[in-house]
Amino acid sequence: MADLFMFLLISAVIFTIGSYGIITQRSGIKILMSIELMLNAANINLVAFSSFNGNASGQVFALFSIAIAAAEAAIGFAILVALFRVRDTINLDNINILRW
Amino acid sequence: MTAYISLMIAIPLIGALIAFLTKTREQARVVALVSSGISLLISLIMLSRFDTSFTGIQLDEIHSWIPSLGITLSFGVDGIGMPLVLLSTIVIPLTVIFAWGETKEPNKFYGLILLELTGVLGVFTSLDFFVFYIFWEIVLIPMYFLISIWGGPRKDYAAIKFFIYTHIASLVMLLAIFALYFNAWQITRTPDFNMFHLLKNYPLLEGWLIPNVITIKDAIFIGLLFGFIVKMPAVPFHTWLPDAHVEAPTAGSVILAALLLKMGGYGLFRVIVPLLPFSDSPGKMITLLAIIGVLSILYGTFLALAQRDLKKMVAYSSISHMGYVTLGAAALVPLSVSGAMFQQFSHGLITGVLFMSCGVIQHSAGTRIIGDLGGIAKHMPKLTFVMLAGFLASLGLPGMSGFIAELLILINSYANLPTFVILALFGIVFTAGYHLWAMQRAVFGTFNEKLGHIHDGADYEIASMAVLVLLIIFFGLYPNPVLNMMTATATPLVRDAAGLVGVIV
Amino acid sequence: MSYILLAPEILLTVLALALILIGLLVTEKSKNMIGYISAIGLAASLVMILGRTGEGSFFNNALVIDPLSQIFKIIFIVVSLLAVIASIHYFKDNRNQDEYYTLILLATVGMMVVASANDLLALFVGFELASMSTYVLAGFEKKNPASLEAALKYFIIGSLSSALMLFGMSLVYGVSGTTNIPEILAYFKTAQVSGIDILAMIFLVAGFGFKMALVPFHMWAPDTYEGSPTVVSSLLAAGSKKMGFVAAFRVLVLALVAVRADIQIVFAILAVVTMTYGNVVAISQKSIKRMLAYSSIAQAGYISLAFVVMTQMSIAGGVLLALGHALMKGGAFIAVAVVGYMVLSDNKNAKNTDDISNFAGLGKRAPITALSLFVFFLALAGIPPSAGFIGKFVLFYSVTVQAVSTASTWLLVIVIIAILNSALSIYYYARVIRYMYVLPPEGEKIHEPLPYVIALLLAVIGTIGIGLYPEPVINMAMNAASVLGV
Amino acid sequence: MFSDYAALIVLLPVIAFVLTLFLGKKLYSGGALLPIAAIAGSFIISLGIFFEIYPDGMVRQSLPWFANFNIGILIDPLAIVMLLMVTFVSLLIHIYAVGYMSHDPAKPRYFAETSLFTAAMLGVVLSDNILQFFISWELVGLCSFLLIGFWYHKPSAAAAAKKAFLVTRVGDVLFLAGIVLLYVNINEIIASGRFSVVPGNFLLQFSTMFEAAKLIDPTQLTYITLLFFGGAVGKSGQFPLHGWLPDAMEGPTTVSALIHAATMVTAGVYLVARTFPMFAATPGTFVPGVPDSLLVVAYIGGFTALFAATMGLVMNDIKRVLAYSTVSQLGYMMLALGTAGAVAGANAVGISMFHLIGHAFFKALLFLCAGSVIHAVGTNDIREMGGLFGKMKITAITMFIAALSLAGIGIPLAGLRLPIFNIGTTGFFSKDAIIEEAYAYGFERGDYIPYAFAVIAALLTSIYIFRLWFMAFTGKPRSERHPHESPGVMTRPLMILAVFALFFGFTQPAFYSYVSASFDFVMGPAYEGGGIEPPVIVVLLPVIVGVLGFLISYAIYYKRMLDMSKIISSGNPLYKLLLNRYYEPTIGANIIGVKLTHDVAAQSGEFVDRKIIDGLVIDTIIGKTTFFLGEAARKLQTGVVQNYASVTLLGVGLLLILLKLGGGV
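Residue numbers (our numbering), protein chains in the order written: chain A, 333 to 432; chain B, 48 to 552; chain C, 807 to 1292; chain D, 113 to 777.
No lab work stands behind these hints: they were computed from the structure.
Note that the structure is predicted; figures quoted are calculated from it, not measured.
You may find that some hints are simply not true.
Claimed, not checked - With a Cα cut of at most 20 angstroms, we get these calculated SDA-like pairs of lysine to any residue:
{"no.": "1", "chain 1": "C", "residue 1": "Lys948", "chain 2": "A", "residue 2": "Ile427"}
{"no.": "2", "chain 1": "D", "residue 1": "Lys736", "chain 2": "B", "residue 2": "Lys425"}
{"no.": "3", "chain 1": "B", "residue 1": "Lys425", "chain 2": "B", "residue 2": "Ala505"}
As the list claims (entries may be wrong) - Computed footprint of chain D on chain C; a stretch qualifies when at least three of its residues, placed anywhere within it, have a C-beta under 8 angstroms from a C-beta of chain D:
{"no.": "4", "segment": "960 to 971"}
{"no.": "5", "segment": "1020 to 1027"}
{"no.": "6", "segment": "1078 to 1089"}
Every residue, glycine too, gets a C-beta built ideally from N, C-alpha and C.
The following block holds chain A by itself, in its conformation from the complex (with noise of 0.2 angstroms):
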């Protein structure tokens, strides 16, 4: 029991890490970290909970979302490298033509 709470601190505390690199980096490939960051967090509580429930499909839910967290960076880094490419940058405060 107590560990599970353990866990679960634990996950709170990255996915709190996670949002607050979110809010306050400015490099698009630091923000991907967050995000990655969050996503595991989750797949933390995920494998927690599934061995507290005792049963597989919390870890089989944490398999997918790791594949498809690795698919996610992928795209991501896909689009910062266009994104380099057009601006020279990847200063998300200057990539603001889009705006109000």
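Assemble chains B, C and D onto chain A, guided by the hints.
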């Protein structure tokens, strides 16, 4: 089962589509005239088939549409609808003739006019609340275009104001209709949008909408009322009208004043009067109606007196005249109600002449500002003749249809609403005042040379006005053809209301 | 259980993969045919779905075929079909067409999976499949900074929300011990409500809210819709948005059960804020695509009224409005695409082609487009007879009824705000209509490309058709709503 | 058989109106012959009917109209005498107009409108119900509007026409209110079962009204009758609604003649006479035994008689003088109805109607003479006339006869207990009777004020009318024009009228008994006379003041014994007051009409409408605010993706808080 009505509604619609596709002005206006003429023909046939002594719905037809919601395409006419159908089919062809010389995008112009005809006919004949609402909304669109394409300098403001203002009103009305529908459904457990069934179940409603503030019945009543009086329009929800009229082209103004405003009055008789006795506080509601009516009469009159623009003056006179309709309806006496219905009919004819006159003057003299005109009678004798006739009719001269209506309303409302009738009488002098004052300054007196060379109205313009004038006089001398059917319908309409009086009397 | 029921999904998946291979085999020139192929494929699967009778569940009850999934799948396929047909001209002679159509098809499949997801896992997978395909589609014009920026924003906010959603799902799984939605529902029916549940629900709401573009999860929408290729915008606004709704319908029912009535308040506030914000901001937009974006935010507000009063009628209304909105908004974006084509054919390197000034005299320059846009706008404004009107009609009806029968003032206030909003929306629609029909044209009459015309006419027929004969769709929607058993 | 064609009396002129209006241009002298023929026809029919029904018959025809109203014809003694007078005088005026209007290009319009005017008046006279009466009454008003504004290109004419219509309209509204009140009351007593309309009769028929009047609540009846009288005040130019009548001189003189003699103004008196039983039925709360309504009628009439006469003294426009004289004479008729009504019952009707008809003759004559003078001299200002006697004898003599009649010169032999009948002009017979009734009233009720009014007015009358005659026809010419006698078509009518102005008076006794019998069926037979033998002085006084007036004018304006110009030029306030007509136009038109109604009421309404309802509420509060919000909310969309992310996460937080507030765990 007859199919006159659906035919009468369908033909202008088809005509409109054809008109939109036509290339030349010739084709467009001929199509418009023919198709509206056919509707007129049909409505005359209906009139001949119409049994005046029968109080209920006649010539009715019903086609299934959306069973799951209990919506049917059901049409029919009675003493409330028939005269207005007649009015529509009379006014539209005349408007087409009057606008015979339209040169700007004629195919669209005539097409939109025909669409208006479809819309108003639908409103005046639908017996299904859903269908009624659809036509009620459809009417807005052609008018929006008539104003915003052929309109004056501030047309955008006027058009959008007209659209949004009346649209909000109809949405509020829609909410009330929802409540009625739900109520009927709870009782019968069968979905049914039939107007009369919904109204029939209204008395069975109960409970508070907002506890100790307003009951459901009253809320529904006020919701419906709001939808209608904005259309009429009644003070203080009238300000869209002057703007719309000032900017709209003449044909637009004629249709707006002669037909669209009547939709509000129609709703009053079709929906409000039957519900009134059963609302939780009929006294308050009657008083409310009466106040709105008299306020519109007097306020409209004084505002008309203040106007410099002839057309704007006429617009306010419409508000004042529609006030009589509200007053007559509020009195809940058979003859006052039928008088109010007759007021709708006659105002439709009269206001047509007035707006057409404004149009001719605008077109010929290039201005409608009363102060800039003057003495145009010298150069426009024909116009002066019909215009004077129209103005006299509008100020309620005996022998013209307006007088019959106002007399019936005043003389029969007094028993229930003495105070208000006295106030209304007070307005009559000023009504005469602004009409004559405008005539004196704009038409009579010495000719204002600054106007340069001005010519009389074209023959087709004068002709269509003359026809209206003749009708005004005819119905002023012999109102029975329409008045009888109105009275026949009005009598059972107010039977439940016997003995009701306002809070202030 | 016969997998034949899944034939449409399977067909599209196979087709999607096949297209890539075809793309490798054929020459640059003949890549244009790929568009037609995928169109035919979509049409075929649409036919299958319409012809599909019977219900069933698959993969350990992870996917179900029921009326709710049916109607939403129809929506998704129709939208993709429209988008594809329009794209045939929009992406003509683009050397990456094969990937483009593959992505569209995959996105469609993803949405369809979400529509019939009966398990959080399936839901998540479908969600991500659709999202990721659309991230790429949004940035498909990879030389165009706007398009890329749109994609980036979409991606960042999107993956953030999927993170939130996943976290929420993990919590739900944690407390209920299962990922199967009916079982979760069963658990919540009995269990005591805990803070975790609420947290979970909020995360889920945030996750779906992102797709639905509810305030405050809407921020990405205007930028993305504006920046992306117009046909893609139509897919996003009309299609993937609805994915959020179907997910919400499936899952948030239990949110309702879980935390009882409180969630209603939340949705009430979300709905009101969303519709008002959308309409008010739309008024002052110069870019029509952006205006449409805000208007679809407003529409999302209306639709989410369905969650406020969780009655069968209200959900049916929500579904109807979603269906209508798919047609109207998809069509509207396509019309904008035509305008863009028109402007570019006037002047090769014209910037922001969707500026309202380009719509001047459209009635003369591109009559069919203008007329269709006119229809879509009136429908969006809820003027009868149109799909938009039917949707709003049923939706507002359900709310009013709830307000009256439970004498709840706040519901009445909400529905009044809603009607005021829909009246307000007329203002900015009418503004464009005025440009199209009142103002004089600034160029020659153009020849409207056939694919666009077909797409537009399909949308118009759908919009008006539903307005004129709503009987079947209303029944469909009622059945769909009945599935949720509220 | 004539009575079967009674409807034609009205219809003929109406038909003539339509034909003349549309075909006039092509016909001789603008189609003048059509209306003349038509009115002649009406006259003949009326005459025929008169001989059919005399002495005690009447014609009643009636058809249902709309709702519960009817249209119908009622020809009783009261109506038939009016019919004869109207058709006859109007006929003469039309003939005269052929000459008078010969130079006017718009002749067709003129004759069409006068024809309609006559028709409307005949409609008033023939009506058998108050509604039809009112409708015709309104049409009379319309025609007066059209005819006064006949020369519409003259701003003054257009203004006068408007004023005439509006001022009478005030009266009409009161009248209408009276009808409303009557209708309601009758319905009420019907509802309460105390009264029911005789089968075949209709709700607003006079016969029904009179029967109902006996049952209606007396105070209500007073209101009703007073409202009716309000209408009469408007139409008959009684104080305070007299202002339009002098201005109505803007129309052609023939029109003035029609308005003042045959049609229009007499309608008011006729209304009171027609509904006399109702007036008589009102309770007497102020002076015992005097019905309140009649008291009001008497006082208003008496005061108007005097009030108008004072203004007649100083007017320089020949037609204005006559106009005020009309107002004053109408005052006499009202006075007669009031006072005699109080003491002699229905005889009042006879007395008043006799003066009305006599007045119609000599006033028509006066106007036509004036017209002939204006025709010749080309001005209305009597200061520019003078010395016309030699040049236009017929006009001068006939006008002098009319003046005598107006001044009521005669020898009351019978009044002096001599076994001979009185000798004198028509005016003498009719006016003396009125003054004597006023005295009788004073004698019986101890209230001599009306009598005083009457006598003083008589003096002034004689002064101003002879002033007019002397200034116009005697002395040396004060303008260098070369006037000539008018053509025969104009002078013949003058002569005919002159005959009537002189000798019509001798029909007095027969007339009284005949006309007064009109209401026997309601009020029972009226008892004879004033009930008292007035002392000799009373009998003589009217004649004495008449002669006195003549002498004064003779002295001042013929012998020039004292120079009027001094008094005038010295600008004394009294003169100013009179010349400015007691500032009635200023008060009426400027202050009430323009200042109060337009500038204050209407403009403030305009302000409320445009600035508050529209400007403030709709445009500013609703419109502007929305736009402002839009712009503001728009700026939230910064375009920086972190902010978006922050907002999203913020949203999550907010939802949490909301749910806590929402009462969750």
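Would you pick out the hints that fail for this structure and give their numbers low to high?
2
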